[in-house]
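There are 2 protein chains.
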Amino acid sequence: MIGCPKCSEVGSIMKAGYVRNKQRYVCKDCNYFFTLSDPGQVLPRKKSRRHQTTIIDIAKAIGVSNSTVSRALHGHADISPETRQAVLDMAAQLDYQPNQLAYNLVKSRTNTIGMIVPEFTNSFFPNVIIGAHEVLTEAGYNLTIMQSNESYAVEVSNTKAMLANRIDGLLISLTQETNNYDHLKVFEKRGIPLVLFNRVCDHVEAPKVVVNDFDASFSAVEHLILNGYERIAHLGGPLNLRVSRERLRGYRAAMEKYGKNIEENMIIQGMFSQQKARIYGKYLLDLENRPDAIFAVNDSAAIEIMLMALEKGIKIPDQLGVVGFSDNPESAYIGPGLTTIRQPTAEIGKTTAKWILQLVESEEEVKLPNETVLKTELVVRGSSKRNPS
Amino acid sequence: MIGCPKCSEVGSIMKAGYVRNKQRYVCKDCNYFFTLSDPGQVLPRKKSRRHQTTIIDIAKAIGVSNSTVSRALHGHADISPETRQAVLDMAAQLDYQPNQLAYNLVKSRTNTIGMIVPEFTNSFFPNVIIGAHEVLTEAGYNLTIMQSNESYAVEVSNTKAMLANRIDGLLISLTQETNNYDHLKVFEKRGIPLVLFNRVCDHVEAPKVVVNDFDASFSAVEHLILNGYERIAHLGGPLNLRVSRERLRGYRAAMEKYGKNIEENMIIQGMFSQQKARIYGKYLLDLENRPDAIFAVNDSAAIEIMLMALEKGIKIPDQLGVVGFSDNPESAYIGPGLTTIRQPTAEIGKTTAKWILQLVESEEEVKLPNETVLKTELVVRGSSKRNPS
DNA sequence: TTGTAAGCGTTATCAC
DNA sequence: GTGATAACGCTTACAA
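Chains as they are written, first to last, in UniProt numbering: chain P, 1 to 389; chain Y, 1 to 389.
Among the hints, a few may not be true.
Copies of the same chain are indistinguishable here, so a pair counts whether it falls within one copy or spans any two.
DSSO-like, lysine-lysine: derived pairs with alpha carbons at most 27 Å apart [said to hold, decoys possible]:
#1 K107 to K60
#2 K160 to K315
#3 K107 to K375
#4 K160 to K375
#5 K160 to K312
#6 K276 to K189
#7 K354 to K160
#8 K185 to K260
#9 K189 to K257
#10 K60 to K189
#11 K60 to K160
#12 K257 to K160
#13 K385 to K315
#14 K257 to K354
#15 K354 to K315
#16 K385 to K160
#17 K385 to K60
#18 K60 to K315
#19 K312 to K375
#20 K385 to K260
What the hints contain is simulated information worked out from the structure, not anything from laboratory work.
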């Protein structure tokens, strides 16, 4: 055991090359370089306070090798009960905490699933996270969450960080800006499983978890029609997202089925944001011949419209029917209640998590990409109920 | 260059001990062990598809050492522009992605801040996360979030996982069950900075970020009194949490200041949960001589009470005043609107993040534990407004 | 300016 | 049942 000639520290002495064929050492504690011209010249003093106890410390303390310690710690077979107990005791005594970093490095896996969501402000993604978290935790995985903030650039940098941190799998819902998918292809190339949910795209070979946007949208518009609304506007999302396209498609299908005239100037597709919702809403409500109902792509937009209608003295549901999408917490309580589509958020999270686990844990055999479509539910409230039915 | 005698693979050959004083190898691709009795016997075939490119691959490819590559990649000084460019080009060509795990291991830091929250269902914690996330991302840190689910056991296991993963600092809001703080003391002992927020405790030496619960509570109750309510009940949280104690204290202080009689049977302290809120709410509303106002510890509880009052035909605010705490999204819209205390959620997140950054980045010098008290705001809505004022 | 080699804390293989 | 030792991928002090 070597001690530092300057500070007498032991335990922070490291080899540092050779000087005239002699081993040279450095004390990491006081940064002093020396050779051992006179071995055993100094006495050990105390442990560095910065040092975290490692399996080697345990090994030294009870006089076994680090491999023995490792085995004991992991409950491997072929180890004598006494040795194991000694190791365990010493580990507790030295307050040993395994270093997951080293473990991950040698195992080339991290037991961590990454998740990238575009935003956090609505209740949708937090609820998805709750579901995913539950399943992953149960299976012994960690969940690392990043937020792309609806920015493509941030999303790309998030995926880079995930890659660098060697997550075992990625769950992602794309931003409304995302049109290029190279950053996702990297995952395919590296064999890192990927599951898309909610905001999916068609250009990536990976399981996708979505809801039946088309049907949901269809039933929402049908519901409006059955309540006597004729001139229904659609306030949609950006068309590069499949959710937006599907919801638009459902709208058109319902209108066509019931022989309603679709006025193209009453269909607006745009980015998700409160500001945009207000601008588009104002446009629709200020139209000379304004619609008698609006189906919005999400509740936030629908709520903006309801508030605006209130300001303008337009009566809901008599003069204007409104339907949203997602069932935010406030939707049940606003005005006469907002009719909306409830998404099974927790189940979306659980399903994506189950998918990723299956992919991560399947040995080499990558399953064929698949798509899970979960069911939504039309929640009828006052904002659209003109028929006493 | 050695190839596997069985599958001809090169690049996945690793040394594997000795056999009769001869170096033994293993092919990681086909798991075949062999020695080199006849060197150069097999020809290289192709790279393993599993292999991730490392700095060594780059080094080999352009004929320099790995240290040179490392330096080039990190833009160190003292490297010739040509070499650097060659390294950068080759890195791009080989699609090199740095291994953060290895980096972290050698640097003993992860650039990751951990955050443990008790729940996710209310908007409070998601909003705090948004704030913290923003500041940390800005500063180049990752944020790993875990959810303790209001369970002490889960919280302890979460802190263990955080420790194992060697986060650089921890942000934590305690569960309502937490009464023992040994799992936090470990962080102190290891010199890992810690910041408590919202659900803090007094037994840990660490910066705390809270709101002025006492004042907020005082002003809420005062507001009720000024609106002519006399017999005000308090539906509080578990008393081991300081938030609960402070809100109770504020309630008492306001009642005393205005000479109101405090009826102890109208003060209930209990766990946060929808079920409990219903049970306690029912108890209060069914009292023979029921209170004419209720100040609840959070909006979820207040909303349960409002719904129950509606069922029972108790008029709000005429027969019952209600005030909550936190300003959930739905609170603005429920019934006549719920009067509540708005907390600066994003700022709470930002402040905790700034604290932890300061602690993490301060060299050795640990600042004295401090407490930041952020201001709340009384949001008056219909549920408590009996005075026309 | 570049190369050499030790070290970060583990796991796992093989020898004994 | 236990001990050596290579390996995981990287940084860095020192030598060249």
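A quick look at each hint next to the structure:
1. K107 to K60: Close inside one copy (24 Å) and across copies (24 Å); limit 27 Å.
2. K160 to K315: neither (50 Å within a copy, 56 Å between copies)
3. K107 to K375: For K107 and K375, the Cα distance exceeds 27 Å both inside one copy (39 Å) and across copies (48 Å).
4. K160 to K375: Classified as neither: same-chain Cα gap 33 Å, cross-chain 38 Å, threshold 27 Å.
5. K160 to K312: neither (48 Å within a copy, 56 Å between copies)
6. K276 to K189: neither (38 Å within a copy, 51 Å between copies)
7. K354 to K160: both (24 Å within a copy, 25 Å between copies)
8. K185 to K260: neither (42 Å within a copy, 68 Å between copies)
9. K189 to K257: Neither. Shortest intra-copy (44 Å) and inter-copy (69 Å) distances fail the 27 Å Cα cut-off.
10. K60 to K189: Answer is between: at 22 Å across copies they meet the 27 Å cutoff, but 44 Å inside does not.
11. K60 to K160: Only across copies: K60 and K160 sit 24 Å apart there, 40 Å inside one copy, limit 27 Å.
12. K257 to K160: neither (46 Å within a copy, 58 Å between copies)
13. K385 to K315: Both, since 12 Å and 25 Å are each at most 27 Å.
14. K257 to K354: Neither. Shortest intra-copy (37 Å) and inter-copy (57 Å) distances fail the 27 Å Cα cut-off.
15. K354 to K315: Cα proximity of K354 and K315: none, with 45 Å in one copy and 47 Å across.
16. K385 to K160: Neither: 48 Å inside a copy, 53 Å across copies.
17. K385 to K60: neither (77 Å within a copy, 72 Å between copies)
18. K60 to K315: neither (80 Å within a copy, 74 Å between copies)
19. K312 to K375: Close neither inside one copy (36 Å) nor across copies (35 Å); limit 27 Å.
20. K385 to K260: This pair counts as within: shortest intra-copy Cα distance 19 Å, inter-copy 46 Å.
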